[in-house]
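Please construct the entire structure, taking both the sequences and the accompanying hints into account.
Going by my numbering, the residue at position 289 of the sequence shown is 286; the numbering climbs one at a time, nothing skipped.
Treat the hints as calculated values from the structure; they're not laboratory data. Model, not experiment: these values are computed from the prediction. A virtual CB, placed ideally from N, CA and C, is assigned to each residue, including glycine. Among these hints, one or two may not hold up.
Between beta-carbon pairs, the in silico distance windows are [claimed, not checked]: (1) Ala262 with Ala442: 52 to 58 Å; (2) Gly142 with Pro25: 42 to 48 Å; (3) Ala140 with Ile277: 40 to 46 Å; (4) Leu63 with Leu191: 17 to 23 Å; (5) Leu278 with Pro224: 52 to 58 Å; (6) Met253 with Ile43: 56 to 62 Å; (7) Thr270 with Thr352: 55 to 61 Å; (8) Thr352 with Met67: 28 to 34 Å; (9) Ser252 with Arg87: 16 to 22 Å; (10) Ile457 with Ala238: 41 to 47 Å; (11) Val449 with Ala140: 35 to 41 Å.
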Amino acid sequence: MATNTKTDDTNSQESDDRFVPFLGQFFPESLTLAALLAVLALVVTIPYLGVIEQLEQFSTGFFSLLTVQMSLILFWVLSATVVESRWVGRMFDLVASALPAGNQRTVIYSTGVIALLFGWVNWALGLIGAVFIGYQLSSQAEANGVRVHYPAVLTAGLLSLIVTNIGLTSPGALLMADSTGTTNFLVDPDVGNLVVDTSAFLLHPVNVVSLALFVLTLPALLALLAPSEENKRKSVSEFTAVVQGSISDTLDTYSMPPKEEWVFADKLEQSRTIAVVTFILGAISLGGYFLNGGELTMLWLLFGLIILGIFIHGRPMAFAEEVTDATRWANHIALPFLLYAAVFSLLSTAGFYETIGEVIAATGITQTVSYLVALVLGLLIPSPGSLWVIQGPAIVGSGAELIPSLVSVMYGAGVSNLWLGFLFVGTIATIYGFSWREYVRYAAAITAYVSVVIIALLVIF
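Take a look at the structure:
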């Protein structure tokens, strides 16, 4: 991140007003941070492992976690592939046209609610959808003579990051829902322990109460923090255009080759029939699985996203090209995970997780400590699923209940992702003119409020 955030256009701008580039220059690439964590794991395990065993775990530790790595990569890529489509863009346009944009508070609140509700379903639906819808609402307000402070609207769109990890497609919960051990790296397939019931996870009181409370109050908090004086507001037209025309047009990037130039392979690649048949067969398979009592797991989610993506994009080649484009969303996990796995392997082999678990248990406030550790560690590990891979074994070693522990870690990961919002915004569009100091003020207020609520609920429940 530090090496690719400056352009010629930004050299003349004040550092205070370069949100993505300024914060990015202090945050190394995820691969660099992963390497530092791996080296640290090597150092702390020196007293417990021989040099040869250390190097063996460092180099081969990822072997047992390859299915986890691929699942998490596809989770990011396929989610974005489905959402970044013409049909989902049309849905976003309809939502944006239906929401009120009469004043600043309404725009900020509406964007925040959309971010939280859509984010609970899926990270891409919440993040991409809220950023685009918030931009359109701000543009509508400006067209009607209402000046809206766009930085607050953009931050409202990032609220999706907080709840997406405790929602329907929580990466941690879906990994742990697998009783076969394919993606659940902690399960004993013969015993079946350490398996998360996704329904129990979603309906856990901490999740239910916090989601309802945050939907009602978090957007309102941002609306209160935004400047009330119109002369202090920065309207959307002062920023990089996120949407060109409609959201649907912006997301519809596929360009089909002229039909007169098609060869046999093109006819297959552009066949709507193949896309529809694939979707129908996949939908029947999914339906049969769930009708027979199957639980939603990471692998079944990925299969569903594949067939849905093929159907939404309409043509096999359109889907394939969008998958290629969506790989940009996995840059923070694809290679770094190999080193995360090395950390996991080193600490596991050295028996470190049991020791850490005992220390956490000795505090008497296991879930609170889990949340705080995840909040800090998540700044170094942007992928919530990867964070669970590294932190989860220690929580299990503490003897704490699995579902509340997972909730605490996933919430901590979500709040830390908010602080790394410049990474995600930068993937959509490089935003200039947004003061990094202002973003830090928003993030600090949200972090304090969310932390108080989550810690209180973890203690109560």
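Verification of the hints:
no.	hint	in the structure
1	Ala262 with Ala442: 52 to 58 Å	holds (55 Å)
2	Gly142 with Pro25: 42 to 48 Å	holds (44 Å)
3	Ala140 with Ile277: 40 to 46 Å	holds (43 Å)
4	Leu63 with Leu191: 17 to 23 Å	holds (20 Å)
5	Leu278 with Pro224: 52 to 58 Å	holds (54 Å)
6	Met253 with Ile43: 56 to 62 Å	holds (58 Å)
7	Thr270 with Thr352: 55 to 61 Å	holds (59 Å)
8	Thr352 with Met67: 28 to 34 Å	holds (30 Å)
9	Ser252 with Arg87: 16 to 22 Å	holds (19 Å)
10	Ile457 with Ala238: 41 to 47 Å	holds (45 Å)
11	Val449 with Ala140: 35 to 41 Å	holds (39 Å)
Comparing the model with each earlier hint shows no violations; every hint is respected.
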